[in-house]
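There are 2 protein chains.
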Amino acid sequence: MKICIVGGVAGGAGAATKLRRLDEQAEIILFEKGEDISYANCGLPYYIGGEIKQKEALLVTPPALLRKRFRIDVRTSSEVTQIHPQEKVIQIRNHLTGESYTETYDKLVLSPGASPKKFSIEGIDLPGIFTVRNVRNTLEIDEYIQKNQVNSCVVAGGGFIGVEMAENLRLRGMEVTLVEFTNQIMAPLDREMANILHQEIISKGVNLKLGTGVSKLESQSDHSLIVSLTDQSQIHCGMVVLAMGVTPENGLAQQAGLKLSVGNSIQVNEFFQTSNPDIYAVGDAIAVTHGVSGEEALISLAGPANRQGRSVAANVLGQHQTNGKIAYGSSVVKVFDLIAASVGLNEKQLAKSNQNYLKTYVHPFSHATYYPGATQISMKMLFAPDGKILGAQAVGAENVEKQIDVIATVMKFGGTVYDLEELELCYAPPFNSAKSPVNMLGFTAANILKGEMPVFYAEQIPQIDQENSIFVDVSTPPEVLMGTIPNAINIPLDELRERLSELDPNKKIYVTCRVGLRGNIATRILLQHGFDVYNLSGGYKTYRLVNTTFSQENP
Amino acid sequence: MKICIVGGVAGGAGAATKLRRLDEQAEIILFEKGEDISYANCGLPYYIGGEIKQKEALLVTPPALLRKRFRIDVRTSSEVTQIHPQEKVIQIRNHLTGESYTETYDKLVLSPGASPKKFSIEGIDLPGIFTVRNVRNTLEIDEYIQKNQVNSCVVAGGGFIGVEMAENLRLRGMEVTLVEFTNQIMAPLDREMANILHQEIISKGVNLKLGTGVSKLESQSDHSLIVSLTDQSQIHCGMVVLAMGVTPENGLAQQAGLKLSVGNSIQVNEFFQTSNPDIYAVGDAIAVTHGVSGEEALISLAGPANRQGRSVAANVLGQHQTNGKIAYGSSVVKVFDLIAASVGLNEKQLAKSNQNYLKTYVHPFSHATYYPGATQISMKMLFAPDGKILGAQAVGAENVEKQIDVIATVMKFGGTVYDLEELELCYAPPFNSAKSPVNMLGFTAANILKGEMPVFYAEQIPQIDQENSIFVDVSTPPEVLMGTIPNAINIPLDELRERLSELDPNKKIYVTCRVGLRGNIATRILLQHGFDVYNLSGGYKTYRLVNTTFSQENP
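Line order of the protein sequences matches chains A and B.
Numbering-wise (UniProt numbering), the first sequence opens with residue 1 and increments by one.
Numbering-wise (UniProt numbering), the second sequence opens with residue 1 and increments by one.
Next up, chain A with everything else stripped away, as it sits in the complex:
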């Protein structure tokens, strides 16, 4: 069997080596249009920041090793320019020699990846304007900074790469402005959760500009750049990094007449076969099946790409591995001293869908509070009326992605919030609490579903009929001095039973505290005394996150 693979990074290189392990006799040719294969694309920003010091570290598997150890015919700087599906022939251009030639195939695997989106912005091709996709781009940025002694940068786009680049350029000592067109960075999170990250990057000296985009780029005589934004402001800087999302590389697939799917990604079946049964596709260029919605989705992450590479190899050789196409979008990003992780659908996505959903917020500590160093993790979970988990988000300083990994695992089994209640997770004071953050999400969600804890949400407050409502903060007076929800009276929890007569039983009672725990106890007391009572999910801490806005010019 002769197998040609287009693209030599996560999906392609993984498919190639797994193919060889499964079949010693197959002829395997790997075409990569760039200079490098199997490089550490997720590590590129950290090379810029100096965290990764050797460029060799970015090259995970050199071509020589693939040739020698796996007998894979690796051809770099070799772009597959055309597929002739009828003849099962591909056309290749060697960028080093300029020559073109053809190869036949029995099976073809496409792993072309996704390329940075480019918008038609005036001046976008000027020197000093970069995208970050491969090792060469990264080295070019590094050289440009050194050569031009660049000390300021505009990063356009607040996704994974934009945020990681902003952090790393800042850690390199630059003045950094991060410009994001929507009202939040890190789209996998909902805005109130992203607000924690906004605070963090501002506190680390990054100039954050939300709700505005780059409209024009101009070069000065000293090689510096003027960046004009859609809010009419201008920024003078030494260079610009464009990280405004990626788009599937579907050129070859389109040319070959393969069916496309959501976002012009390549459509594949559960075996990763495209609409042509001898052509397979994996990685950032394909549409996966979203594990929650069941719909086709674009999830451009390294984990799924690697698993797809393994899986497609087995399928090309006639095994039937069908579960690889499902993805949940488990992801994590480091943002200076914080960690943000998420899985599944967020509220923005759910609000647009027909899915009924509920949500809960908790702010538990990262490990036992009596052991030094515990920090709060802010968590949000979305779930269906039957308890099925739809998505979760967590932001904090330690043990953050661990919580999301566990929830992602429950979601793989179609699990519910009741399963989270019962999970038995490793506990010792330095690592966890006896009731883990994931348990707490389960407890609060189950309490909501069972009717044991009616809740309200911070964003509903403006709509609440003030006339017929009483807002009660059950925190202590010193805590309430630090802030509370509008028009709240203060009845500390431990005085509540003695002060029930202060509450009009004909009004709805809206209870809050700092994070929702004491509010829950107060709600239980009031419920059993016949009040119509609701607890603020996540307490005043969530209220603050929901109601934080960041001016476009930070201090």
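Keep in mind the hints are simulated off the structure, nothing from the lab.
Since copy identity is lost for identical chains, a pair holds within one copy or between any two.
DSS-like cross-link-like pairs, simulated, lysine-lysine; straight-line CA separation at most 27 angstroms: (1) K450 <-> K2; (2) K348 <-> K117; (3) K450 <-> K18; (4) K117 <-> K216; (5) K33 <-> K259; (6) K508 <-> K18; (7) K388 <-> K18; (8) K508 <-> K68; (9) K118 <-> K259; (10) K33 <-> K118; (11) K147 <-> K118; (12) K53 <-> K147; (13) K68 <-> K2.
Since this is a predicted model, take the numbers as computed values, not measurements.
Starting from the structure of chain A, add chain B where the hints point.
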């Protein structure tokens, strides 16, 4: 309803507060024979070590708060001495006043915990000999050390408390000898995994004595102690901590004629009801249902005790919560700079059962190797021939318990090694690899089950027929110089295809490398060339762990 609770720590205090949240009217009396309730028992060793500095931090929920906030009638220094189940009456002795009295109950919840095992060792009651159970014990140890300027200690017992005490006393600057009667510390691990911890504690200056126990204790005129061991040696030290395991506090249950279970623990049904339907029991004193074996088991851990407390409250009030009794033994312990975690059954337990099992070892890195600071995690997983996961163990310096949490979650759903292959876990270079350690366990286990990677295990080597076998280390020559398995020839992986003629096809080929990855590739090559070939699971690194012995006297 009048509910009496015996025992005010994890299970009892948790039950009391959940009862109140569910039922504002119930009369709830909490009896605790000690001085403190709801204290941080898992934190006690860290107070000795100075990591936790304030003794107030050890008192998680003071009695006043339980009284005020939860209207629980908390009675400390109050020992329940007898149950009269027919009359539904208990007898209580107040240790402060000396008086005895009775209380009636509608429902009784026993959460007496477990007490340190005491053996009939001569001199065991001498001054300077301690156990660690509660805050008072801990403060006594601290005072004794300060008053007597103790600078050396013998810790007897290598379980959680013994190991944590040895670490913390050592961090306080003492000469510490850790004595363990079996051939390993941390019984939840198998010995080869515990060997990593043995190395760690020896490297941190603890004198580790395995395979010997305390036979006699003698006091000197200067208050110092002579500890005689069963290996005939003697140790002169300033104090002794006995941590030789715990035993369920079943006195009350026995007196009341309640049925006992494994290890003389209290037998309960899925609602935590004892053999008397009005008496419930939770915590370290009860037998749980082991999630893997389905058998009654003693699992003394804070996580399950806390969940049981919540669950029993609901059941006492007539809800039917039935899943709380199942436990998997998920646990983690910090051992100086290492972390060890495990879940489910270990190989020692499986070898004694009728369960057929297989196993796999991997030594993946804690995060992407190209990002600084990655360290190896040594992992072992046990699984059934149908792929069901039976147990897992991990030892390393970071991201260790995270792996076990994920596996514990899969096990809760009865999941298999194939599920581990498909898990989509959060990945970014500082936190994980694109193929996570858990994925690697799944890949290797699935390869074994599918026959794609026949394996052998390090402990089988002495039994292998040398005459008809060839051992091949496919590492590089410099690596092989660092050590290899007995009688291995060296054929580096990248030369293997050219040197196949050196291997007698009539012999069995046993392949190894450093951790098993290159061995897998070599095995795939040789299998497809018709050889009868086996890969050493976990490679030479596992071989070393299996074959390490620690002399009873360390350097």
